[in-house]
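Asker: Assemble the complex: chain B is given as a structure, and chain D must be docked to it using the hints.
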Amino acid sequence: MPRRRIYNPLTELLAAALLVVLVLVVNRWEFSLAVLVLVVVPAVLLSGRPRQIGLAIVLVAGPLLVSSLLLHGLFYPEGREVLLDLGVARVTAEGLAFAAGMGLRMGVFTGVLLSTAMTLDIPDLLATMTHRGWNRKLVFIVGSAVGLIPHVSLRARRISRAQQARGLVVGRGPVSRFRALLTVTTPLVIGLLVDASERTRMLEARGFSSSAPRTSYLPDTDSRGQRLARRAMVAAVGLVSVIRLAAAMAA
Amino acid sequence: MSSPLTRPSATPERPRRLLILLGGALIAATYLFLVVVQPAEIAGGMGSVASLVSLVGFLGGGALLVAGILPMLSTSSLVVMPLGIALNIAIGQVAGSLGMQIYLDAIGTVLVAVLAGPAAGAATGALSNAIWGLFNPFALPFAAGAALIGLLAGLAAKYGAFRHVYLAPVAGLVVGAIGGLVAAPVAVFMFGAAGTFGTNAIIAVFRSMGDKLLVAATKQGLLSDSLDKIVVFVLVALIVYALPRRAVLQFPFARTHRVLGQRTDVAGMGTKDGTTTGTTTAGAARGNRTGA
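If you read the protein sequences in the order shown, they are chains B and D. Using our numbering, read the first sequence as starting at 1 and increasing by one per residue. Using our numbering, read the second sequence as starting at 252 and increasing by one per residue.
Everything labelled a hint here was simulated from the structure, so no lab data went into it. Where hints are given, some of them may not hold.
[As the list claims (entries may be wrong)] So the derived label-pair ranges between C-beta atoms look like this:
1) D/VAL287 - B/LEU45: 44 to 50 Å
2) D/ALA276 - B/GLY147: 33 to 39 Å
3) D/ALA276 - B/GLY171: 43 to 49 Å
4) B/GLU198 - D/ARG509: 22 to 28 Å
5) D/ALA452 - B/VAL58: 18 to 24 Å
[What the hints assert, rightly or not] The calculated EDC-like cross-link candidates involving lysine to aspartate or glutamate, where the alpha carbons are at most 20 Å apart (straight line), are:
6) D/LYS463 - B/GLU78
7) D/LYS470 - B/GLU78
8) D/LYS463 - B/GLU81
9) D/LYS463 - B/GLU94
[What the hints assert, rightly or not] Sample of chain B residues lacking proximity to chain D, with all beta carbon distances greater than 12 Å (derived):
10) PRO50
11) LEU84
12) ARG161
13) GLN163
14) LEU218
15) SER223
16) ARG227
17) ARG230
18) ALA235
From the three backbone atoms N, C-alpha and C, an ideal C-beta is built for every residue, glycine too.
With the rest of the complex left out, here is chain B (with noise of 0.2 Å):
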């Protein structure tokens, strides 16, 4: 069950951009840890869907953050503190320290981001932006790019079944890869550019290239109280930037 929406998908992702801003400007794996549990956690736990965001987060950043405890935990040269020596490679506890408090940082941009996404009501988005005034070609990109993702995964498979049914088998070696790639892209990209022809035309004709302001058919739900508060967060997130990499610099 999709939760109830309290804030305006505009406010809840510039608030998961900020944060991710914070978490860089503060830098300290306390504060990344601290937003974790008490943000992310949460946020999760009461989207509505927690199983498939939680899966999500897991198979984005899972996959990352072994390769980088791998890569920081055995090759850190830097690393003076040797607890294991493999020969070519060493577990050093710098490395160690790093990964981890580069693997928490991912983390919390994952699930900040993801949890923000995946539950994000994609039109009334859209709707606000043009409610807004925001680039009308920017809001078109943007709401025809998310819609096309899943339709251009669930034809890129159809296309595939079709060739594999034809008789494609797709080796090991990299020239049957590539050929395989060829035969399911070339004829999907042209079944999407044919699509992208006729839709040039039905736009034009309805007269997409005029800059007269347009009317979205979705009720406004902005309010003035959230577009306060998008630009505190901003001013504030800006200062609290300011401040903290000028002390960095200074230091």
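Answerer: Showing chain D alone in chain B's frame:
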């Protein structure tokens, strides 16, 4: 082409060259700061200043570029951009999840750049990573690098790199090397150079030889990005050669600059209003058959 049912706008949008210049300057300044001015090696700490500069500089520069470019794009370019973005994300996600040494996340960007030009390519690259960043935060800071790939691919197409299939990998090698150089500091300062198992294995080899993290990531970027862009450029060249002629000719850039050379040449081609008459060449006819 249907006629618009609405009145043409009294004040047509103009490209905001100042925004494009500012965006380019911000990206260049960020890169210089990270590589030249930033003396502290990332491994000495997690580099708060460098991380923030890298995120804000590259994302801000990308946003300025997009804001400057969008007003100058035609409807046919705008309509193909979401297609390029969706292709980048769909194919890039699969390549990433398979742990490959290359990324394959620029097929859509290069395709749009070849058909619709460097400006559309740059905007596609930047927006692609910005949208992908919602679902995969690791793509977000690479928006400026992706814009550069789109820009360079478009310029390569303009100057004939896609007129013959053997020129495409050469252009891909050059563009990939530049892209790798730009992407390396972002990967290092934002994520400690974490990537797929394949790319991290290459970094590990250089680290085991004693290279600093930035140096190792740059070498890996030069290797992986060059190889990646060679594959992507050849793939895109073969795809566009197989496209029906009318699909290519709907793009003013591809028509005007004869991006595919004789493959799409027709008598009377290249007129401003996009009308095409006459007979197809052998290459175009072959493209039609392949694409049918």
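Asker: Now tell me, hint by hint, if it's right for this structure.
Answerer: Here is what the structure says about each hint:
| no. | hint | result |
| --- | --- | --- |
| 1 | D/VAL287 - B/LEU45: 44 to 50 Å | holds (45 Å) |
| 2 | D/ALA276 - B/GLY147: 33 to 39 Å | holds (34 Å) |
| 3 | D/ALA276 - B/GLY171: 43 to 49 Å | holds (48 Å) |
| 4 | B/GLU198 - D/ARG509: 22 to 28 Å | holds (25 Å) |
| 5 | D/ALA452 - B/VAL58: 18 to 24 Å | holds (22 Å) |
| 6 | D/LYS463 - B/GLU78 | holds (8 Å) |
| 7 | D/LYS470 - B/GLU78 | holds (18 Å) |
| 8 | D/LYS463 - B/GLU81 | holds (18 Å) |
| 9 | D/LYS463 - B/GLU94 | holds (14 Å) |
| 10 | PRO50 | holds (17 Å) |
| 11 | LEU84 | holds (15 Å) |
| 12 | ARG161 | holds (15 Å) |
| 13 | GLN163 | holds (14 Å) |
| 14 | LEU218 | holds (20 Å) |
| 15 | SER223 | holds (23 Å) |
| 16 | ARG227 | holds (20 Å) |
| 17 | ARG230 | holds (16 Å) |
| 18 | ALA235 | holds (15 Å) |
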